[in-house]
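Undergrad: Residues per chain are reported as follows:
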Amino acid sequence: MIAATIPDLAVFFVGAAIIVVGALGVILAKNPVHAALSLVMTLFGIAVLFIEEQANFLAAVQIIVYAGAIVVLFLFVIMFLGVDKAEDITTEPIVGQRPIAAIVVAALMASIVALGQLGHWMVGTHASTTATTGNDVADLGRSVFTTYLFAFEATAALLVIAVVGAVVLARRVSPDELSTDEPEVAQVPEDLGATMTAGEVEQ
Amino acid sequence: MNPITVPSISYFTMAPMLVLFVGSVLLMAAASLLRHRLPEVVSTATSVLLGLGALVVSILQWDHLIRHGSSSTVAGALVLDGFSVFVNITVSCAVILTALVAHDYLARLKFDSAEFHILALLSASGALIMGAANDLVVVFLGLEILSIALYVLVALNRKNEKSAEGALKYFVLGGFSSAVFVYGIALTYGATGSTNLAKMGTYLSANVVHRPGLLLAGIGLLAVGFCFKIAAVPFHMWTPDVYEGAPTPVTGFMAAVAKVGGFVAFLRVFETAFSTQQSTWAPLLYTVALLTTFIGATSAIAQHNVKRMLAYSSINHAGFILLGVVVLTKAGFAGSLYYLFTYSVMAIGTFALLGVLGGARDEDHDLTSYRGLAKRRPGVALSLALLLLAQAGMPFTTGFLAKFGVIEATVAHGEIPLALLAMVSATISAVAYLRVGIVMYATHDVPTPVSDGSSFKDRAEGSLLLEVEPVATTHEVPVAPTTGLAIGICLAVTFYFGIAPGALLDFARQAAQLLR
Amino acid sequence: MNLLGTDPLFVNGVSWAVVLIVVVKVVVAFAVLMGAVTMMIWFERKAISDMQSRIGPNRVGPWGLLQSLADGIKLFFKEDLIPAEADRFVFKLAPYLVVVPAFLIFTVVPVGGQVTLFGHTFDLQVADPPMGILLVLACSGIAVYGVMLAGWASGSKYPLMSSVRASAQMISYEAAMGMNVVTVLLVANTLSTRGIVASQGGSILHWNLIRTGFVPFVLFLIAVTAELNRPPFDVVEADSELVGGFNTEYSSIRFALFYLAEFMNTITMSAIMVTLFFGGPAGPIPNIPHLRWVFPILWFTVKVVAFCFMYIWFRAALPRMRYDQLMDLGWKRLIPLSLAWMLLVAAAITNWRWAIGVLAAIIIAAVLLLRAFDLGGARELEDQAVLPSIGARPLPGYVLRQLTDAEEVED
Chain A
1 MIAATIPDLA VFFVGAAIIV VGALGVILAK NPVHAALSLV MTLFGIAVLF IEEQANFLAA
61 VQIIVYAGAI VVLFLFVIMF LGVDKAEDIT TEPIVGQRPI AAIVVAALMA SIVALGQLGH
121 WMVGTHASTT ATTGNDVADL GRSVFTTYLF AFEATAALLV IAVVGAVVLA RRVSPDELST
181 DEPEVAQVPE DLGATMTAGE VEQ
Chain B
1001 MNPITVPSIS YFTMAPMLVL FVGSVLLMAA ASLLRHRLPE VVSTATSVLL GLGALVVSIL
1061 QWDHLIRHGS SSTVAGALVL DGFSVFVNIT VSCAVILTAL VAHDYLARLK FDSAEFHILA
1121 LLSASGALIM GAANDLVVVF LGLEILSIAL YVLVALNRKN EKSAEGALKY FVLGGFSSAV
1181 FVYGIALTYG ATGSTNLAKM GTYLSANVVH RPGLLLAGIG LLAVGFCFKI AAVPFHMWTP
1241 DVYEGAPTPV TGFMAAVAKV GGFVAFLRVF ETAFSTQQST WAPLLYTVAL LTTFIGATSA
1301 IAQHNVKRML AYSSINHAGF ILLGVVVLTK AGFAGSLYYL FTYSVMAIGT FALLGVLGGA
1361 RDEDHDLTSY RGLAKRRPGV ALSLALLLLA QAGMPFTTGF LAKFGVIEAT VAHGEIPLAL
1421 LAMVSATISA VAYLRVGIVM YATHDVPTPV SDGSSFKDRA EGSLLLEVEP VATTHEVPVA
1481 PTTGLAIGIC LAVTFYFGIA PGALLDFARQ AAQLLR
Chain C
2001 MNLLGTDPLF VNGVSWAVVL IVVVKVVVAF AVLMGAVTMM IWFERKAISD MQSRIGPNRV
2061 GPWGLLQSLA DGIKLFFKED LIPAEADRFV FKLAPYLVVV PAFLIFTVVP VGGQVTLFGH
2121 TFDLQVADPP MGILLVLACS GIAVYGVMLA GWASGSKYPL MSSVRASAQM ISYEAAMGMN
2181 VVTVLLVANT LSTRGIVASQ GGSILHWNLI RTGFVPFVLF LIAVTAELNR PPFDVVEADS
2241 ELVGGFNTEY SSIRFALFYL AEFMNTITMS AIMVTLFFGG PAGPIPNIPH LRWVFPILWF
2301 TVKVVAFCFM YIWFRAALPR MRYDQLMDLG WKRLIPLSLA WMLLVAAAIT NWRWAIGVLA
2361 AIIIAAVLLL RAFDLGGARE LEDQAVLPSI GARPLPGYVL RQLTDAEEVE D
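Taken in sequence, the protein lines are chains A, B and C.
Numbered continuously in our numbering, the first sequence closes out at residue 203.
Numbered continuously in our numbering, the second sequence closes out at residue 1516.
Numbered continuously in our numbering, the third sequence closes out at residue 2411.
Because the hints were derived from the structure by calculation, they are not lab data.
It should be emphasised that the depicted structure is a prediction, and the values quoted were computed from it without experimental measurement.
Positions of the beta carbon are idealized from the N, C-alpha and C atoms, including for glycine.
A portion of the hints provided could be inaccurate.
Unchecked claim - Across the chosen pairs, the derived CB separations fall in these ranges:
id, chain 1, residue 1, chain 2, residue 2, range
1, C, His2120, A, Ala138, 28 to 36 angstroms
2, A, Ile112, C, Met2310, 50 to 58 angstroms
3, B, Ala1029, C, Val2023, 55 to 63 angstroms
4, C, Val2014, B, Gly1069, 56 to 64 angstroms
5, A, Gly116, C, Val2023, 33 to 41 angstroms
6, B, Ala1164, C, Glu2079, 45 to 53 angstroms
7, B, Ala1500, C, Ala2365, 47 to 55 angstroms
8, A, Leu169, C, Gly2283, 51 to 59 angstroms
9, A, Phe76, C, Ile2253, 34 to 42 angstroms
10, C, Phe2118, A, Ile27, 46 to 54 angstroms
11, C, Pro2062, A, Val167, 56 to 64 angstroms
12, A, Ile27, C, Gly2357, 45 to 53 angstroms
13, C, Met2051, B, Ala1164, 53 to 61 angstroms
14, C, Ala2316, B, Ala1164, 50 to 58 angstroms
As the list claims (entries may be wrong) - Which residues of chain C face chain A? A few of them, derived with a C-beta cut under 10 angstroms, are:
id, residue
15, Leu2033
16, Phe2089
17, Ile2133
18, Leu2135
19, Met2148
20, Leu2149
21, Ala2153
22, Leu2160
Here chain A stands alone, though its shape is the one from the complex:
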């Protein structure tokens, strides 16, 4: 185990504080856009911790992928759907939800603390920390093409499926697909077409 120095600790606590404040912001912000921004803050905190752990590549990818793409898409959806208004969160949608949630959160926190007391992070010969060469990109590439080769390829399959799924769901439904016994849905484009040809004739 690497002994923690004072700068290490300082960086860790700053990173951790950023993460926690951001996470609280996500759930406490009334405005969805502010919540999304708090999420970005959390992701930055995680990137700081990655750097602290000398996982530079992961830190950069964390920012590029999560902050640079995923949360931007969140914001996109929020803006496009027009739900970017502050919401009243004083009323509970499900009665008793919040007390129960509070209890569950307390229980989870307690178990995390208990884990800290009971847990023992592996640092034996199995631990991957011993196998590093100091160049995290090279290490990552190496394990992706050896130990995790199949997982890497399966991820490609997973992405294909995700894209296919998204396209299937987002595809505009053709009218005949929507109507088994209500033909009026299919009529809409034709009506418009009729209006148009009439217009052209008038001209």
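Once you have looked at the hints, place chains B and C on chain A.
TA: Relative to chain A, chains B and C alone:
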């Protein structure tokens, strides 16, 4: 820097999943590169042929396995053993049956047929990955491939709001459970230093973990992830909504494939990696199994919607299959595997019938619309009744032997109270199945078409007095030949292996023995 | 290897002198960049007015050189307006989210070689982190937020549309940009910007421009131009459609920050292009004692100015693209092409058999892809369009007019 040596890859081990995945990608390419929509016959035939191809390869794998024993490939990420071949065969059968069932359904509801088959094949390939995975990361990826395709399949019925509702619930809860699963992977990796199941098992059997907090938390989180996928109580909440909302052939597919993939991965992870920790997690799963059987059975009775009823009954079945995980003996595995195969077949057959009975829009699944079904459509009613009785555990069906197998293994392991309670739950759930039978056979009411002016009573009396054919309601759907074939296969399998169980039981036993 | 990278400055541990040098480097970089931006604005205005046969700024200072400074002072003292509907916090935050990444990108650009001063040898670049080039991608990812939030926080319709356009455009082109960076990395074998420059040492034939085969540079150039929202990809501020872009509601110093960031990004991205493809500060160094260190800086500056001029030229010469054409170009042309070229380069590095195999696969994939685009476009117009199709163009004005006229008659 020394060059990277790529691990050896046995394409034979991966063949079934490659057949399904590559096949579906080719089907997708064909569908997108042709100017006209692919005819339904073509996509169904492709799907059936791919299923048959995977089945043939799986049988070759079985042959290889018997002669040469199990093996692992791609740096230990995948294995070829009894479990994986069992999953390959079961899922291939499920793919073929689902393709047959869906053929008529897709045409009737005007779905894009290629889309359905592509997603079903992709989803099935995910189940195959789960079945062969020997690494937690691969298990997770298989789980996601299976699930993501299923989310979309559930949402496929755009005419029905419940379809979207079910899909959304499934997606959100599924995403949450996946996150829990990944957290579990991270913690067990931290505790054992590997994600490879075999290495974890070796590490845990060679070392005594003095401060097992991380390990236990990891195991617990992994169990939660699996329990969600197999719909075990208390992570079963999504099941009725999703089963009800999904297009009916999808429900059958999901009941078969998702359960097979989830359970086999569950069995493998807990046997290969965590068998040394059994004393700590067994009580937990004991409770879960007990709750699952009981809540599934009792909730099934209270349902008016047949699809929801079957959803709860599937939860009850999941409880039974879970008994094999709890006891963690070879006999238990054999029982669970046998149960999985027979349940898959029964579920696909049952939901195929429900798809026919659901009407032109697949919406009439209320129990009341089954009244007098025996009079109106004796063949359909008889098939449904037989499949439901088989699910209830009637002797001379595979359903009976399946329940018998797991109960026997549980008793042999000394968990007699658990076995007894499970049997009680089976009796309770039988009430739910019998109720459907009674509604079909013992009532003579024919549901009136909505537009009909005459009163309900008149119509009923009239049809009784004059002995005429009961008036077919407007939405009655004939059984298409393909659907009929699939249902026939399901019935044949259920009864043939119920009367002459030798071959299938041997298969399950050997598969359980040949676990790597 | 730590975040500080391979800078010889840190070899002997961190002392006060080292910290001082770092601080000086940061301050100098900041000052140079600010100065460069004012010059860039002047240069752009002057060059464009020459191309358009105008005179351009000529009042403040010699040849109008101090015009930007005067504009800056003017903006600084203007009234600071925040619209009533604005989200005040985000509105104030957004300009900084644009400016800070623009500065940060410049920190990883190697401006010159190594210099020894007071016994300390150091790189002429603010920082050389081991994942240097990824920092560039990360910063351009963050810059999206500034644009997006500026439009949203204004609480106004047109800025919102503009910001949605901008962010969609920037994310889309980031993918193409990243893939071309990967092609360079395949050749350079390192992520560090200094390493990339070092790998291009020697003659002009070692420049990545040649080694990666021109195509990645062209694709990267297009992607970067779109990423910068510069003409011909400046649909973000298409004044004829969107009033003035995402910063319409901004005034005073906040507006100045956006303006500053835009030009700063142009300079830094030119610098990145020079680093990736043109050997950075590489160039012939005449053997003049004590002044050898000047020449790399000189070469670097010359190359960057050439690119800046090219951007100005683009602006003067090219008409603006339509938004759907822009997205089509990004997703359907740039990304597949970048991916294909990246695979080809990777295969060619391995051996020529692979290269031929990959080339064949790419050609087949390209044919299939083109067929799919063709079909997709046709299908979109045939049975799914709500309005009847009229060829490959959107509705012409007269059709729309007739449609609205018909509605009015009904009313």
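Undergrad: With reference to the structure, classify each hint as holding or not holding.
TA: We went through each hint and held it up to the structure:
At about 30 angstroms, the CB distance of His2120(C) to Ala138(A) agrees with the hint of 28 to 36 angstroms. Separation of Ile112(A) from Met2310(C) is about 55 angstroms and conforms to the stated range, judged on CB atoms against 50 to 58 angstroms. Take Ala1029(B) and Val2023(C): their Cβ atoms lie about 58 angstroms apart, and the range 55 to 63 angstroms holds. For the hinted restraint 56 to 64 angstroms between Val2014(C) and Gly1069(B), the CB-CB distance of approximately 59 angstroms keeps it satisfied.
Checking the proposed 33 to 41 angstroms range against Gly116(A) and Val2023(C) shows it holds: the Cβ atoms sit about 39 angstroms from each other. Distance hint check: the CB atoms of Ala1164(B) and Glu2079(C) are about 51 angstroms apart, consistent with the given range 45 to 53 angstroms. Between Ala1500(B) and Ala2365(C), the C-beta spacing of about 52 angstroms keeps the proposed range 47 to 55 angstroms intact. In this structure, Leu169(A) and Gly2283(C) meet the distance hint of 51 to 59 angstroms, their C-beta atoms being roughly 54 angstroms apart.
Range check, Phe76(A) to Ile2253(C): Cβ separation about 29 angstroms, and the 34 to 42 angstroms hint is violated. Taking the beta carbon of each, Phe2118(C) and Ile27(A) are about 52 angstroms apart, inside 46 to 54 angstroms as hinted. For Pro2062(C) paired with Val167(A), a C-beta distance near 59 angstroms keeps the hint of 56 to 64 angstroms intact. Look at Ile27(A) against Gly2357(C): about 52 angstroms separates their beta carbons, and that is inside 45 to 53 angstroms.
For the pair Met2051(C) and Ala1164(B), the supplied restraint of 53 to 61 angstroms holds, since their beta-carbon distance comes to about 56 angstroms. Ala2316(C) and Ala1164(B) have their C-beta atoms about 51 angstroms apart, which keeps the hinted 50 to 58 angstroms range intact. Hint status for Leu2033(C): violated, given a least beta-carbon distance of 22 angstroms to chain A, over 10 angstroms. Because the closest C-beta pair between Phe2089(C) and chain A is about 8 angstroms apart, less than 10 angstroms, the hint holds.
Because the smallest distance between the Cβ of Ile2133(C) and any Cβ of chain A comes to about 9 angstroms, under 10 angstroms, the interface hint for this residue holds. Interface hint status for Leu2135(C): upheld, as the beta-carbon distance to the closest one in chain A is roughly 6 angstroms, under 10 angstroms. Interface restraint check: Met2148(C) against chain A, minimum CB-CB distance 6 angstroms, threshold 10 angstroms, status holds. Contact between Leu2149(C) and chain A, as hinted, is supported at the beta carbon level, the nearest pair being about 8 angstroms apart and thus within 10 angstroms.
Below 10 angstroms, beta-carbon pairs count as interface contacts, and Ala2153(C) has one with chain A at about 8 angstroms; its hint therefore holds. A distance limit of 10 angstroms between C-beta atoms decides the matter here; for Leu2160(C) the minimum to chain A is near 7 angstroms, and the interface restraint holds.
Of the numbered hints stated above, those contradicted by the structure are hints 9 and 15, listed in ascending order.
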